[in-house]
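Student: Residue numbers (the numbering used here), protein chains in the order written: chain A, 1 to 275; chain B, 276 to 594; chain C, 595 to 1101.
Since the hints were derived computationally from the structure, they do not count as laboratory data.
Cβ coordinates follow ideal geometry from the N, Cα and C atoms, glycine included.
Some hints here could point you the wrong way.
[Said to hold, decoys possible] Covered stretches of chain B (chain C as the covering partner; in silico rule of three or more C-beta atoms under 8 Å from a C-beta of chain C):
(1) 331-339
(2) 468-479
(3) 559-569
[Said to hold, decoys possible] Beta-carbon label-pair distances, calculated as ranges:
(4) L116/A with L361/B: 55 to 63 Å
(5) F34/A with G285/B: 36 to 44 Å
(6) L89/A with M415/B: 29 to 37 Å
(7) P186/A with W300/B: 30 to 38 Å
(8) I376/B with E770/C: 33 to 41 Å
(9) L41/A with W300/B: 52 to 60 Å
(10) L395/B with G907/C: 30 to 38 Å
(11) I376/B with D769/C: 23 to 31 Å
(12) G907/C with S59/A: 24 to 32 Å
(13) G296/B with R109/A: 24 to 32 Å
(14) A29/A with E963/C: 34 to 42 Å
(15) I376/B with R180/A: 28 to 36 Å
(16) I376/B with R674/C: 20 to 28 Å
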Amino acid sequence: MTAATTRLSSRFSLPQLSSRQQLGAFLLALLLAFAWLVPWLFDADPARQQLTRILQAPSLAEPFGTDHLGRSMLARLAAAIRLSLGMALLSVATAAIPGVLLGVVAGWRGGWSDRLLGSLADACLALPGLLLVLLLVAIAPGNFWALYVGISLVLWIEYFRVVRARTQALVTSPQIEASRLLGFGPTMLFRRHLWPELAPQVFTLAAFGAASAILAMAALGFVSVGLRPPTAELGLMMIELLPYYHEAPWAMAQPIIVLFVVVMSLNLLAGKDPR
Amino acid sequence: MTSRWTQGLGRLLLSRLFQAGLVAWLVGTLTFILTRSLPGDMAYRIAAGRYGYDMVDGAAAEAVRAELALDQPAAGAYFSWLWDLLQLDLGRSLVSGNPVIQELSHQLGHSLSLAIIAVLLSLLIGPPLGLVAGLKPGGMLDRSSEVAANVLRALPPFAVGLLLIMLFAVTLGWLPVAGHGSALHNVLPALTLALGLAAVSSRVARNAMADVSHSAYYAFSRTKGLNERQSFMRHGLRNAAVPVVAYLGVQFVYLIEGVVVVETLFAWPGIGHALVHAIVARDVPMIQGTALVMGLLFVMLNTAVDIACHFLDPRRRHA
Amino acid sequence: MKRSSAAWLAILASFNTWAADRSLDIAAPWEIKSADPSTSGYVFSRMRVAENLVTTDNQGQLAPGLASAWEVSDDGLEWRFTLRENAHFHDGTAVSADAVVNSLEASIAKPGMLDTAPIASVEAVGDDVVIKLESAFAPLPALLAHSTTLILAEAAYAENGDVTQMIGSGPYQVDELSPPQRMTVTRFDDYWGAAPAIAAASYLAVSRGETRALMAESGDADIVFTLDPASQARLSRNASLSLHSEPLPRTIMLKLNASHPFLDDKRARQALSMAIDRAGIAAGLLRAPEAAATELFPESLGAWHLGVAPSSGQDIEKAQALLAELGWEPNEEGLLERDGQPFKLTLRTYADRPELPLVATALQSQWRELGVDLEVAVGNASAIPSGHHDDSLEVGLSGRNYGLVPNPLVSLLDDIGSDPDNMGGDWGTMNWRDDEVAEWLDTLRQSTEEQALNDLAPLVAERLHQEMPLIPVAWYQQTAAVSDEVEGFSIDPLERSYRIDQMEWAE
């Protein structure tokens, strides 16, 4: 399938998913079903330790094996997907909503509002994101939401930049000019003309943004920041299991594979690659 | 034409210079406010940073408090910092006692060499792959490079680094595992960073190329009789290069984050590593200095990217 | 070593030669902060760059260092150290009494080990150094063996007392010092003692355990210290390496706030101790079954070690019975409650030692079985001493080193104290008072006699074991992976020296 047909199908039949998007939706649904069905079907506590049964390979009793404290990987993975996906969505939303709105305003209005917002974004981008996140963690220790919101403070600029550039190009397009002459209001213009064009790119950014947020958690855990036992979180699971990479590679691979499925499915759903 | 062109460039540089000033003030003020609002006793943190966990105790903390006059009111401390900054004096590290400038120049050099090699490597890997994939969207190469990019985006950098160490240092024995000092020590950490960057830049290049190869002027270049290679070289490459170079600006942000992990894994004495330690130890002058230098560096790199785009894309010169 | 590709060999040869000046490469987790002994003295002491007045022999007993002998006056207030005659600093100057006084005064001015002793003055009297005290302090020589009391040349100090350059008197001198990661040293030819066999060595601070293990495996480092438990099994199967392990006088222990309403009764503290599965933590997490700490002091601490039988393991039921005596009843969720208050505590620990958060997570789960809700806060090491001072600490988990100096009494005077009205210390007991323990420690502080130690140390240890103001969890093991190209390797349990001057290259 070419990019052109993807674009066509997304423009003329929004609710209908392309086969690429169907695959993405299927993968995501599978993941969500796993996360919510496991605690329902299996009676496993993600925090329960059995120090005599550490790092056991997958078996019938423990289909995903056990971690370095003898906890059930199945239960932990399900709990981690619920937490991380929720948190990643929160962080993506807090980044995307202001990013898209400000981007549209800057691209549409142009002039001083564009310059003002543009230099604000540039200044924020120049602030080392890591510094901001680390300081926020230090201010609110042990709070996952503070971490993710801190991460999203860094990520909103990407949406802003992409949306602004696309809006600038779209506002001068003949279709919008025509609609404007017909007397449609800004909300209608945004819904009819801007959003369908912006959506695939915003979603692609969101897919990578969700992965970035989870990997940023792992990176923070790597420098011993943000740990809060016994919570199961994808990024922190990667770092907790890192020392056992040789003994139990299958254990460390699990959160990574989950993250890969998340990124892949969101990317497929978005239908298009980032620009 | 030329005068307008240089005028555009001049305005660009001027606005960037203004931005640099803004960033310096913003970064300094923000880090000042944030570090002041950090919970916990600063004297204890600094003492732990200096003397280590075996030796930190109340007596050490009190000695630090007295030595550094930590009881100074916030406003005074802020203005004295700003005044020193105007004189290009970043102060002394509270932990090591050395001038911040001296510590930074040492660490920044190490990080920059790593970052530059990483960006060059990523440019060698990512865009060529993306360009070839973009010539045939939906082809085998496109599909497999997409999966590879997604795998690399889902792998934490420490896992990539670990795999590279196991392959190139332990199994093959070609490269040293960690440390610094020789040119060979650069290869693995830079490659770890480069793979993450290339994952994204290959996709950016692929999309740009796919757009170009579907554009009217590209189709026209083929109908006017140029062969595939000629139209790629004359029209494809230059047009696809703009978004790739423009995206580099955003990539530097990822680079700085990746640097922390890579520096810790490979025992590299860089600035990311220093920043984490400075925050843990509440070494405020070091935090401010590091943030300032990173911010200014970012503005500089973005200026370079802008200038490159300016050269590549004639349309921008009139903007 | 698996060096295969011929193309690389030429380049590789530059850093892996078999020339006579081959460097002994050491990798360890501790970073070098600066040249100052008050912050990074341990690196210079371990790499044998700088020396103390007093040193230790391979059995851990005090031995003459730069001081060839010392004596104390009868009232215990005046110590006289006689200096070695033929010792020189790396800049060529002699180790004179003036230089020693200069060094000691600089180290007294900074936070460090000498804070503990009531020092009135340090003077050069002829060729001797005389230290006068305000009150008797028997373990003084042990303090002078600590890395914050290293003796440096006068040229090492700036006018304000800061150390700008490392000029010691050890068998190795600093070639290149690039904090925080690297230091290279070469043999010092004018050393007063026996000339070491190995001509050059390097130190690399590598904070991640995984990286260190891989460096041992690839042959990048000849000696790698502190192996993470998960890598040990893999490295032990490597034929070109040998694994060494030695118990350290360092204990992972819980510091309890004894005035906290839940913890002020010794039965509550005993119950918490009983609920800990020490064998599980030692075998499962630390991968060293012998690390299970049935008491505070490990065997290497001699008279302080009681020899409690390892059979006294986890006993949840007995612990619950003890807590029931204090009025704690389980609620429907299995959590203990008293007067409507849940048994909820916050534990502070730090990640500088990577096993601590792991042990904290295990404790959380084990105390949950007892019905205690433990919240784990992983932060900075300083959170424990600062929580001690502002009284906000409930439970702290730390790895306390009783071998900071060759005499554990010094740590105990700091941690427990000899003044009954002011007991406790930053890394020791908190709001716990026992007049007898204070009196015993005070006697030990003043007495230089062996018999006093043998009589009183077990009494102190026994009382601590009964009262549990500090709950021991595990003892540390120092581990090292050593290339089989190195001979004569041994671990110093006091971590004062890497003993590189005693090693040689295998033929």
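Student: Determine for every hint whether it applies to the structure shown.
Tutor: Against the structure, the hints come out as follows:
For the stretch 331-339 of chain B, the stated coverage by chain C holds: 8 residues have a C-beta nearer than 8 Å to a C-beta of that chain, and at least 3 were required. Counting residues of the stretch 468-479 of chain B whose beta carbon lies closer than 8 Å to any beta carbon of chain C gives 0, which falls short of the minimum of three for the stated coverage. Remark: the stretch 559-569 of chain B is not confirmed as covered by chain C, as 0 of its residues place a Cβ nearer than 8 Å to a Cβ of that chain, below the required three. Between L116/A and L361/B the beta carbon distance is about 26 Å. The supplied range of 55 to 63 Å is therefore violated.
For the pair F34/A and G285/B, the beta carbons lie near 58 Å from each other, so the given range of 36 to 44 Å is not met. Against the hinted window of 29 to 37 Å, the Cβ-Cβ separation of L89/A and M415/B comes to about 33 Å, which satisfies the hint. Range check, P186/A to W300/B: about 35 Å between beta-carbon atoms, so the 30 to 38 Å window is met. Range check, I376/B to E770/C: about 21 Å between beta-carbon atoms, so the 33 to 41 Å window is missed.
Between L41/A and W300/B the CB atoms are about 57 Å apart, so this pair conforms to the stated range of 52 to 60 Å. The given range of 30 to 38 Å is broken by L395/B and G907/C, whose C-beta atoms sit roughly 59 Å from each other. Between I376/B and D769/C, the C-beta spacing of about 25 Å keeps the proposed range 23 to 31 Å intact. The hint said 24 to 32 Å for the Cβ distance between G907/C and S59/A, and at roughly 28 Å that hint holds.
In this structure the supplied range 24 to 32 Å holds for G296/B paired with R109/A, their Cβ-Cβ distance being about 26 Å. For the pair A29/A and E963/C, the supplied restraint of 34 to 42 Å holds, since their beta-carbon distance comes to about 38 Å. With their beta carbons about 55 Å apart, I376/B and R180/A fall outside the hinted range of 28 to 36 Å. The supplied range of 20 to 28 Å is broken by I376/B and R674/C, whose beta-carbon atoms lie about 46 Å from each other.
Checked against the numbered hints given earlier, the structure breaks hints 2, 3, 4, 5, 8, 10, 15, 16 and satisfies all the rest.
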